[in-house]
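Colleague: Sequence:
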Amino acid sequence: MRVPMSENRPPDDDDEEANAFRQALREAGVRRIAVNRADPGRPKRRDSSAAERRAAAVAADSEGIASRTSDGRVEPVRPSEFLDFFLPDLPYRTRSQLKRGQIAWEAGLDLHGYSLDDARLELESFLKEAAGSRMRCVLVVHGKAWGSTADYPVIKSHVNAWLREWPSVLAFCSAREGDGGTGAVYVLLRRRGFDA
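Positions 1 to 196 (the working numbering) are the ones given, in order, by the sequence shown.
Among the clues, some could well be false.
[As the list claims (entries may be wrong)] Computed spacing ranges between beta-carbons, pair by pair:
hint : residue 1 : residue 2 : range
1    : 181       : 87        : 52 to 60 Å
2    : 152       : 177       : 47 to 55 Å
3    : 97        : 76        : 24 to 32 Å
4    : 90        : 177       : 20 to 28 Å
[Stated by the list, open to error] In silico DSS-like links for lysine-lysine, alpha-carbon gap of 27 Å or less:
hint : residue 1 : residue 2
5    : 144       : 99
6    : 144       : 128
7    : 99        : 128
Worth flagging that the hints you see were computed from the coordinates, not collected in a lab. Using N, Cα and C, we set each Cβ at its ideal position, and we do this for glycine too.
Please take these sequences and the hints and turn them into a complete structure.
Modeller: Printed below as a string of structure tokens:
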């Protein structure tokens with residue numbers, strides 16, 4: 001037999017154990033809550049809109065910030081590791097198309113032979129130009145070469161970090177074999193008016 005919820009109440013205040021428990025809580029400084037309901041928190045706000053991010057990027061450029069990407073320590077990746085990054089609100093279909101190489105890339109950048117600093121400057125310049133030309137997808141060839149003093153592919157590892165920081169990058173993933181495989185990435189860019 002089930003007991004209705006209203007009949008399954010905690011013991012009254014005259015119950016000796018309950019009173020002792022409540023007294024111990026009071027002595028410990030525990031206060032009774034005013035509302036006996038869960039607070040779901042504030043409704044989630046959507047991250048800043050594309051227009052707000054663009055405005056912030058333009059403002060940052062006008063303030064003389066030379067670089068958008070960090071030049072600090074990055075997490076190393078293996079030469080054959082598949083790189084994969086997507087903003088959470090990017091549609092699954094778009095992610096799948098990018099991974100399968102079904103979104104045609106409109107321009108490419110090959111970073112072979114560049115020093116780390118030069119690679120960063122070239123990548124930033126390339127991404128600015130691509131965004132300015134309203135390109136949707138570009139190819140960045142980072143290679144899989146190990147750094148001269150590092151035991152991991154330096155340019156690949158840094159490109160993996162830099163692209164995650166770039167405000168107009170919606171997604172990137174390692175390319176298909178014909179476009180460079182794990183030595184290159186397809187980069188999906190946010191275009192004006194395009195909201196993923």
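Colleague: Look at each hint and say if it fits the structure.
Modeller: Evaluated hints:
| no. | hint | verdict |
| --- | --- | --- |
| 1 | 181 with 87: 52 to 60 Å | 24 Å, violated |
| 2 | 152 with 177: 47 to 55 Å | 22 Å, violated |
| 3 | 97 with 76: 24 to 32 Å | 29 Å, holds |
| 4 | 90 with 177: 20 to 28 Å | 24 Å, holds |
| 5 | 144 with 99 | 19 Å, holds |
| 6 | 144 with 128 | 24 Å, holds |
| 7 | 99 with 128 | 23 Å, holds |
Hints 1 and 2 from the earlier list are contradicted by this structure; the remaining hints agree with it.
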